[in-house]
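Asks: Next come the chains, spelled out residue by residue.
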Amino acid sequence: MKQIAFYFFCLFFLPPVTDAWCAAAPVSDATQECLECHATIHPGIVEDWQQSRHAQVTPKAAIAVTGLARKVSSKSIPQKLQAVAVGCAECHTLRPRKHKDTVEHNGHEVHVVVSPDDCATCHTEEAGQYSKNIMAHAYNNLAGNPVYQALQLSILGRPAREKGTVQMLPSHANTKADACYYCHGTRLEVSGFESRETEMGEMKFAILSGWPNQGVGRLNLDGSKGACSACHTRHTFSIEMARKPYTCKECHVGPDVPAFKVYTSSKHGNIFSAKHARWDFQAVPWTVGRDFTAPTCAACHVSLLVNTEGDPLVKRTHQMSDRLSWRIFGLIYAHPQPKNPDTTLIRNKDGLPLATDFGGGLAESYLIDDATRKKRTASMQTICKSCHHSGWVKGHWEKYEHTIEETNAATAVATQIMADIWKRKLAQGLGQGGSPFDEAVEKKWSDIWLFYANTIRFSSAMAGGGDYGVFADGRYHLSKEIQELGDWLKWRSGSAGRETTDGK
Amino acid sequence: MKQIAFYFFCLFFLPPVTDAWCAAAPVSDATQECLECHATIHPGIVEDWQQSRHAQVTPKAAIAVTGLARKVSSKSIPQKLQAVAVGCAECHTLRPRKHKDTVEHNGHEVHVVVSPDDCATCHTEEAGQYSKNIMAHAYNNLAGNPVYQALQLSILGRPAREKGTVQMLPSHANTKADACYYCHGTRLEVSGFESRETEMGEMKFAILSGWPNQGVGRLNLDGSKGACSACHTRHTFSIEMARKPYTCKECHVGPDVPAFKVYTSSKHGNIFSAKHARWDFQAVPWTVGRDFTAPTCAACHVSLLVNTEGDPLVKRTHQMSDRLSWRIFGLIYAHPQPKNPDTTLIRNKDGLPLATDFGGGLAESYLIDDATRKKRTASMQTICKSCHHSGWVKGHWEKYEHTIEETNAATAVATQIMADIWKRKLAQGLGQGGSPFDEAVEKKWSDIWLFYANTIRFSSAMAGGGDYGVFADGRYHLSKEIQELGDWLKWRSGSAGRETTDGK
Amino acid sequence: MKQIAFYFFCLFFLPPVTDAWCAAAPVSDATQECLECHATIHPGIVEDWQQSRHAQVTPKAAIAVTGLARKVSSKSIPQKLQAVAVGCAECHTLRPRKHKDTVEHNGHEVHVVVSPDDCATCHTEEAGQYSKNIMAHAYNNLAGNPVYQALQLSILGRPAREKGTVQMLPSHANTKADACYYCHGTRLEVSGFESRETEMGEMKFAILSGWPNQGVGRLNLDGSKGACSACHTRHTFSIEMARKPYTCKECHVGPDVPAFKVYTSSKHGNIFSAKHARWDFQAVPWTVGRDFTAPTCAACHVSLLVNTEGDPLVKRTHQMSDRLSWRIFGLIYAHPQPKNPDTTLIRNKDGLPLATDFGGGLAESYLIDDATRKKRTASMQTICKSCHHSGWVKGHWEKYEHTIEETNAATAVATQIMADIWKRKLAQGLGQGGSPFDEAVEKKWSDIWLFYANTIRFSSAMAGGGDYGVFADGRYHLSKEIQELGDWLKWRSGSAGRETTDGK
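Residue numbers (the working numbering), protein chains in the order written: chain A, 1 to 504; chain B, 1 to 504; chain C, 1 to 504.
Since the hints were made in silico from the structure, they are not lab data.
Only a predicted model underlies this, so the values are computations on that prediction, with no experimental measurement involved.
Honestly, I wouldn't trust all of these hints.
Claimed, not checked - Below, a sample of chain A positions facing chain C; criterion: calculated Cβ distance under 7 Å:
{"#": "1", "residue": "Leu153"}
{"#": "2", "residue": "Leu156"}
{"#": "3", "residue": "Asn174"}
{"#": "4", "residue": "Pro212"}
Stated by the list, open to error - Computed footprint of chain B on chain A, listed as stretches where at least three residues anywhere in the stretch have a Cβ under 8 Å from a Cβ of chain B:
{"#": "5", "segment": "267 to 275"}
{"#": "6", "segment": "287 to 293"}
{"#": "7", "segment": "413 to 421"}
The C-beta atom is built at its ideal place from N, Cα and C for all residues, glycine as well.
This is chain A alone, in the form it adopts within the complex (with noise of 0.2 Å):
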C-alpha cells in the first residue's frame, strides 16, 4: 500500500527531470552496514538521505548526464564510488588521514564532519568557487579583524560592574558559538578521544568542541572552511532546500541583514509565497517561467538560470558576490564589494581593516573597480530582463543606488554627532583609548548604520517595500536615531533642553 502511494507520488508529484528517481541506486558494502544500525538509531537522517538525490542517483550516471543538465562538475570520480549511492561510507570515510576526527568503527575509519574537500570529490567546481566566497571566510573575518572584535566583545562580553560603569569582560566560547559563530561558523577542534558503552558495545568517538555547528565559514578539521550543509541541509543535501529563501533566513533575517523579511514583503516574496507550491525547485538547469516565475534568493545570486528557449542567462556561482557590485551591509558604510574574500587584509586610510574609514572615504585599492562593478551589475541585469523591460531595471538601478549615497550620507552625519561626543570627551571613542562600540551612546550611533541604513538599503535592493524602507526599521527609525544622537550631545554638553526653561 505504502509502495502504490509512493508510485503515485512519484508519478503526480515529482517533476519529470527525476525520472530516476523512483529506482535507488545501489548501496555500498559499507554503507549497507552503517543502516543496518543507524537506520534505527537516527530514522531522521537515514530517511532524509533516503529521499536524496544521492539515495538515488551514482555518481556514474551523473557525470554521465551532458549539458546544463549535469550536476557533478568533477572531471572525474574516483572509480570506486562511481556504480554506487552518494551513502553514508562514501562520505564519512573518505580521505580518513586529513581528517582529525577519524576514528576506527567496527572496522572503519569514520569522520563525523564532512568538509567542502569531502564534496569537491564531485563537486569540484562548486567547491572552488565557495572557497573564494566572502562566506568561507566568515570564521575569520569576525574573529581576526580587531575593530570587529571590539564589536563582538561590546556585545557578547559578560556585563559587570566596575567603577559605577558597566564593563565588558571576554565573553566564554559557549557564548560566542550559541551567537556570531553560529552563523559565521566556529573553529572545530578535537580535544580528545573517549571511549563510550552503547549498545554494540564500547566504542571510541572524538570530542569535538566547537560542534554541532554549520556555519558557513566553519573551521573544519580538515583544514577546509565552510559547510555545505549550512545550505544543503543534511542529509538530503538537496537543491530544492538552497533554492527556497528559508535556507538564507537562518542568518539573514535580523534587522542587520532583513533580507528574508524583506524578501517575503516585496513583490517578489508574494509571488513565492502565492504560488511555489508548483513551481519545480529541483530542475537543473533553473528556466526562468516555466519552472519558476518570481526569482528566490538562489535564482538572483548562485543559480544557472535560462530562458525558455534553454540558452542560459547567467552561469551558476558559488561565489555569491559575482553578481553583486556593492556590499550594502555596511560597516559602517556601503561599499564596492572587496576583492579580496578575506577582508582582514584591507587598509583604510586610518589603517583599521575597515573598507571605509569613520568619514566614509573608501579604501578603494582594496576594493572592486568601476569596470568590475559595472560587470557585475550586467550580469544581475540580465536577470532582472527576464521578466522586466529596460526601462524598469534602470529605474530600480537608479533608485538603489541613490539609496546606497542617501544612507552613506546619513551616516555620515550620524558619525560626525558621535566624533563630537568623543571630542567633548562625552564617551570614550579609539581617539580616547576607548572602544567606539561599547557605551550606551555608541549603540545609539551603531544602531544607525548597522540596523536602519542596513534595513533601508536591502529594502531598496530588493523592492522589498514601503515598510522596511520606512516604518519597520527603516527612515523612520534611522531619522528618529539622529535626533536622539543630536539631541544627546546638546543635553550632555551643557548647551540644550532645561536651560530653556531656565530662561538661559
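The hints should help you fit chains B and C onto chain A, whose structure is shown.
Replies: Leaving out everything else, chains B and C in the frame of chain A:
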C-alpha cells in the same frame, strides 16, 4: 511528457470551475507578434501570462457567464476584443491616444503602463469602485496634505547639522519613490523619448520618471489613479493571489499597519497557514466552508461570499471601506471612516486637514455618520456570523470598540504631555512655528500613536492575540513610552531626578 | 463531479492511515436537527466539522483500535455515543447540568462552551495530563499572583496624569480580555439570559462575559480549566493543526516568548518550511523520518513518537513540562520547572510568589530537583538522538545550559543597577512602597529580562541561530540596555556626563 503532466495537473489540481482553463484561447495576430520576441526576451512574464485566465478564456466566453460566477462586470466589450485571449496587444495597445507613453513599436502603438482605465474595458464595476477607494487616492492624500508632508519630511528628509541641531533638508524624488510612495504610488511622468539599439534594431522608448512603481494610488500617464497590478500581480492578474494575504503584506506589515503580522498570529491566520493548500482560491463566487474555512484579508474586505446554498452573504467591493465603520490607522486618533476618499478636503476644528484634532475631537462633518457605521458593521458581521454565533460576534465587537476608545484615551494623555513640552518650549511644535514631528522627543510621541496604538487596534480588530496586543509593539510599549515621555518632561523641565539625590 | 473530485482527493492526498476517512459516520438524530439549520447559518464551522475525524469515525470504531495508533484514551465511552459521529449534539448537549450556559434550544439542552471535561468523555488521559499542565493554570497564575498583577497593571492600566507623573489606573475587563487573557484565558461567566427574535422565531440565549475566548487556561462554565480548541482548532479539532507550529505561534511569537520566530529561523524550521507539504501530520503514532524529517513544536513537546521500526521513543504528553527541565521564560530569572502547575503557591526567600528572588536565588523547594531534571532532559534528548549523535546533543546542551547561566548573570547585573536606582530613590521599587515595574527606567530594566534574556534563551534552546541570539532582540539589545541602565544611574545621580565637559 510535459503535456501529459499538464493534463494530470489540470485534472487533479485545478478546481472544477476552471474547466476551460486547459484550452488556451486563440491569440490575436498582434499578440502573436509580441510573443514571438518577448517569449524569449521576457520568459518570466510571458509564461506567467500563459498560466493566467486572460490567456485561457476569451472575453466573449467570460461575458456569457450568468449569475454570481461572472467575473467580467462590463455590460459590453468591444467587438474586436471578444474572440481572442486578453494578450499583450489587447492591453498594451488599448486607448493609445490617452497614454502619454505611447510609442510606435513594430507598427503598433504601444504603451508600457497599463492603467485601471484600461482594465475598466472589461472590469467596469471594479474600476469604478476602486476609484472611490481611499487607496486610489493614496498619492495625493499624502502628497497634498501639509500635515502629513511635515511628518514625511521628518522621516525622508536628508539630515544635516545646522547650528548644533539636526535639520531635515528636502528629500530627493528617488527617496520618496523608494519609501512612502512605494506603497502610496508615485506620479508617473514622461520625461522624454529615446532611441536605443536593441537586438531588433533601433527602437523608440518613452523615458518614464516615477517608474517602476505599482503603488495603490499611482498617478498614471492617462490621468487615472491606482494600479490593479498592486494586488492582481502581473502577468497572471489572478484572483488567487489577491485573495492570499501575502499580497496585502507588501504594504501592511510594519508597526504602523501590522495587519499581516497580526493576521498570521490570529486563529484565522493559523487556520489559513495550516490548511490553505487544500482551499480553492479561484472559485467565484467564494463559498464559505467549502472553498475556505477561515477568512483571508480579501474574504472580509473585498470578496463576494456565498454560503453553501449559494446565497450571497456580501457583495464584492473594491471600495474596501464598504465594510468598515472605523479607520483604526490613527493619525493621530482612530476615527470613523471619512466620507470622501480624498482626505485632503477634511478640516478639523483647528483648520488642519486631519480627521481629528490634537485633543481627539472628531471633524464630524467629514466622517461617516452613525447610521452608515451601523450599516457597515452589520455588513462585516454577516461574514463573522458564517462561523460564529451572535454572542461571539457581539462580545468580539464590544472588546474591539473598547480598545479603540482605550487607545484613543492613551493617545490623548500622551498628547497632553507633548503639549506641555511644546508649551514650555522644550520642543518646537505647531504653536512654536515648528513641525510637531521632527524632534527626538516628538518621535517618542509619534511612536505612541503611529506604532503602538495602531498595533493594539489591529490586534483587537482581527483577534490577533495577546502578543501584538501586549508585548510585540503593544500595550507594554505604549505604556513604556508614555512613562518615558512623562519622565522626559519632568527631567528636562527640572522637576525630577537628579534633584532627588541632591536633597532638594 | 464534486464526489469524484473528493474520491480522487482521498485517494491521492490523504495518508493511508485515514482509510476510513471518506466514509462519513452515521449522524445522530439530534445532530441531524442541528445541521438542518446550522449548515446554512454557519457554513464555515459545519463544513470544517464535515472534514474532521469526528465526522468520519464513530467512537466505537475509534476505541476498537489497539496499540499506539489508538487516539481515544478513555477505557469506556457511553453507549449512546458509540455508534454515531461526534457531532454538534454529542458535544454541545453533554453534561447539561454541569454547564451554567445551558439553555433549552428546540427541545434540546444546549451549552455553547464545550470544555476539557466534555472532551474527557473520550480523551480522559489527555484531559488529565493537561489539567497538570502549567497552561491549564494560566488564568490564575497571572490573576492570582500579586507580583504579576503589578506588572500587568503597569502594562494594561489606563494612563492618567497625576501631579506631574503618569499613573496607571485599574484596567478595564475588556482590555484584559483583549490582551494578557487572550492567551492566558478569561474567566467565563453567565451574566444573564436573553430572548432574541431569530429566523426560527424567538429563542433563548445565555449572555456570557469573558467571551469569546479560547485561551489555554480559560475558566469554563463547568468549573474546568482550559480550552482544547486553543490548539485543536474548532471544528476540525485536528491533530494536524496542533502539530503545525502556526498553532503555537498564536501565543508564542512576541519578544517575551519568541518561540515561533526562533523556530522558523532555525535549521529545524527551515526543513519544516521547505518540506512539510510532503509530510504526514495525521499519522498516529508519528514516525520520525518517515512521517516528518524535522521536529515541529509538538514533536518535541507533546507527541507520541516512534522510530521506523515502530518502537516508541517518547510517550504522548499533554503536560508539556514532562520533557522540560528548565523554565527559560524568566520572570525575572530562568529556573528549574516548578513542581506544581499552580505557581501562585511558590514563595521565594522574600516571601514573594516568584520562583527566584531578585538576586537570582532559587525558591528551591518549589522547583523540580536534579534527579527530575535529569530524567526530563534525557526524555527530550531521546528525540534529539533520532537525528543527532551523542556528541552533537551533548555539545548543544552544554551551550544551552551555559546560555541560561550567562543570561541569568546579565540579569543579575541589571538588577543590581536597578536596586541602586531604587536605593537612591531615583525610582520607587518594592522597598519604597512602589511597583517595581511601572516607571520609565523600570521598564528599561524589564526589557532586559523579559525580552532580551528570554529571546537569547529561546534562540539557544532551539538552535535558532545567530539573529535571535544577537541582533534580533538578542545580545546586542541586552548589552545596549544594560549600558543604558548604567548610564541612566550615573547621569541621574549626578556622577557622569555633563560634568565632564564642565570640568568638574
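Asks: None of the hints should be skipped; say for each whether it holds.
Replies: Hint by hint, here is what the structure shows:
Because the beta carbon of Leu153(A) sits about 9 Å from the nearest beta carbon in chain C, more than 7 Å, this interface hint is broken. Restraint check, Leu156(A) versus chain C: the minimum CB separation of about 6 Å is within 7 Å; hint holds. For Asn174(A), the suggested interface contact is upheld, since its CB lies about 4 Å from the closest CB of chain C, less than 7 Å. Contact between Pro212(A) and chain C, as hinted, is supported at the beta carbon level, the nearest pair being about 5 Å apart and thus within 7 Å.
Only residues whose C-beta sits within less than 8 Å of a C-beta in chain B count toward coverage, and the segment 267 to 275 of chain A has 7 of them, enough to reach three; the restraint holds. Counting residues of the segment 287 to 293 of chain A whose CB lies closer than 8 Å to any CB of chain B gives 5, so the stated coverage by that chain holds, three being the minimum. Counting residues of the segment 413 to 421 of chain A whose CB lies closer than 8 Å to any CB of chain B gives 4, so the stated coverage by that chain holds, three being the minimum.
Violation of the numbered hints given earlier is confined to hint 1; every other hint is satisfied by the structure.
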